[in-house]
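With the hints as constraints, model all of the structure from the sequences given.
For the sequence shown, the working numbering gives the first residue as 174, with consecutive numbering after it.
A couple of the hints might just be wrong.
As the list claims (entries may be wrong) - Here are the computed distance ranges between Cβ atoms for each label pair:
| id | residue 1 | residue 2 | range |
| --- | --- | --- | --- |
| 1 | Ala-271 | Leu-296 | 27 to 33 Å |
| 2 | Gln-226 | Ala-271 | 54 to 60 Å |
| 3 | Glu-184 | Pro-210 | 41 to 47 Å |
| 4 | Asn-217 | Lys-194 | 32 to 38 Å |
| 5 | Pro-293 | Ala-254 | 46 to 52 Å |
| 6 | Thr-179 | Pro-210 | 48 to 54 Å |
| 7 | Gln-231 | Thr-278 | 54 to 60 Å |
| 8 | Ala-215 | Asp-177 | 53 to 59 Å |
| 9 | Met-192 | Leu-218 | 44 to 50 Å |
| 10 | Gln-239 | Leu-195 | 57 to 63 Å |
As the list claims (entries may be wrong) - Pairs of lysine-lysine residues, derived as PhoX-like cross-links and limited to a Cα-Cα distance of at most 25 Å, are as follows:
| id | residue 1 | residue 2 |
| --- | --- | --- |
| 11 | Lys-208 | Lys-194 |
| 12 | Lys-205 | Lys-194 |
| 13 | Lys-249 | Lys-267 |
Simulated from the structure, these hints should not be mistaken for laboratory data. Since the structure is predicted, the reported quantities are computational estimates derived from the model, not experimental observations. Ideal Cβ positions, reconstructed from N, Cα and C, are used throughout, including at glycine.
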Amino acid sequence: MAYDATARPLEIPTVPGSMDKLQEQLQAVVDKISKLPIDSIAANLNGSLAEMQKTLKQVNGEVLPQMRDTLEQSKKTLASANESFSEDSPQRQKLGQAMEEVQRTARSVRVLSDFLGRHPEALIRGRLKDNQPDAYQSPSSSVRESVPEAQP
174 MAYDATARPL EIPTVPGSMD KLQEQLQAVV DKISKLPIDS IAANLNGSLA EMQKTLKQVN
234 GEVLPQMRDT LEQSKKTLAS ANESFSEDSP QRQKLGQAME EVQRTARSVR VLSDFLGRHP
294 EALIRGRLKD NQPDAYQSPS SSVRESVPEA QP
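Printed below as a string of structure tokens:
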């Protein structure tokens with residue numbers, strides 16, 4: 174066979190191979206990407222970012238200083254409470270005295286309640302004088318029972 178420069182080049186028929194399939198797949202991906210509404214997605218994203226920036230500015234400008242003030246007030250309140258109820262504080266001593274007074278009062282009420290349980294007529298007759306007959310004495314008892322005095 175002789176070479177002819179003016180002749181049409183020979184075509185060798187080929188079977189589609191893996192390179193052709195890969196090219197088709199890449200073209201399909203590019204087509205799908207080109208169909209995406211990138212402009213509207215970008216616009217929505219820009220709007221969302223702008224709103225987020227506004228929110229962060231508001232948080233940084235208003236909320237954080239208020240949170241700091243609240244935290245500082247909480248620290249002061251806790252420090253005051255700790256100081257108020259320390260071992261040697263007047264408030265703690267007053268609280269202890271008040272609790273002792275409540276205990277004495279409860280004890281007096283209990284004694285009075287016991288006495289009135291044994292002698293309900295004392296509510297009507299009242300307190301006995303020293304020169305009155307012993308009305309609260311039980312028949313089997315020789316010792317006079319009277320309303321006990323509450324001790325301070």
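Evaluation of the provided hints:
no. : hint                            : verdict
1   : Ala-271 <-> Leu-296: 27 to 33 Å : 30 Å, holds
2   : Gln-226 <-> Ala-271: 54 to 60 Å : 57 Å, holds
3   : Glu-184 <-> Pro-210: 41 to 47 Å : 43 Å, holds
4   : Asn-217 <-> Lys-194: 32 to 38 Å : 36 Å, holds
5   : Pro-293 <-> Ala-254: 46 to 52 Å : 48 Å, holds
6   : Thr-179 <-> Pro-210: 48 to 54 Å : 53 Å, holds
7   : Gln-231 <-> Thr-278: 54 to 60 Å : 57 Å, holds
8   : Ala-215 <-> Asp-177: 53 to 59 Å : 58 Å, holds
9   : Met-192 <-> Leu-218: 44 to 50 Å : 37 Å, violated
10  : Gln-239 <-> Leu-195: 57 to 63 Å : 60 Å, holds
11  : Lys-208 <-> Lys-194             : 21 Å, holds
12  : Lys-205 <-> Lys-194             : 17 Å, holds
13  : Lys-249 <-> Lys-267             : 23 Å, holds
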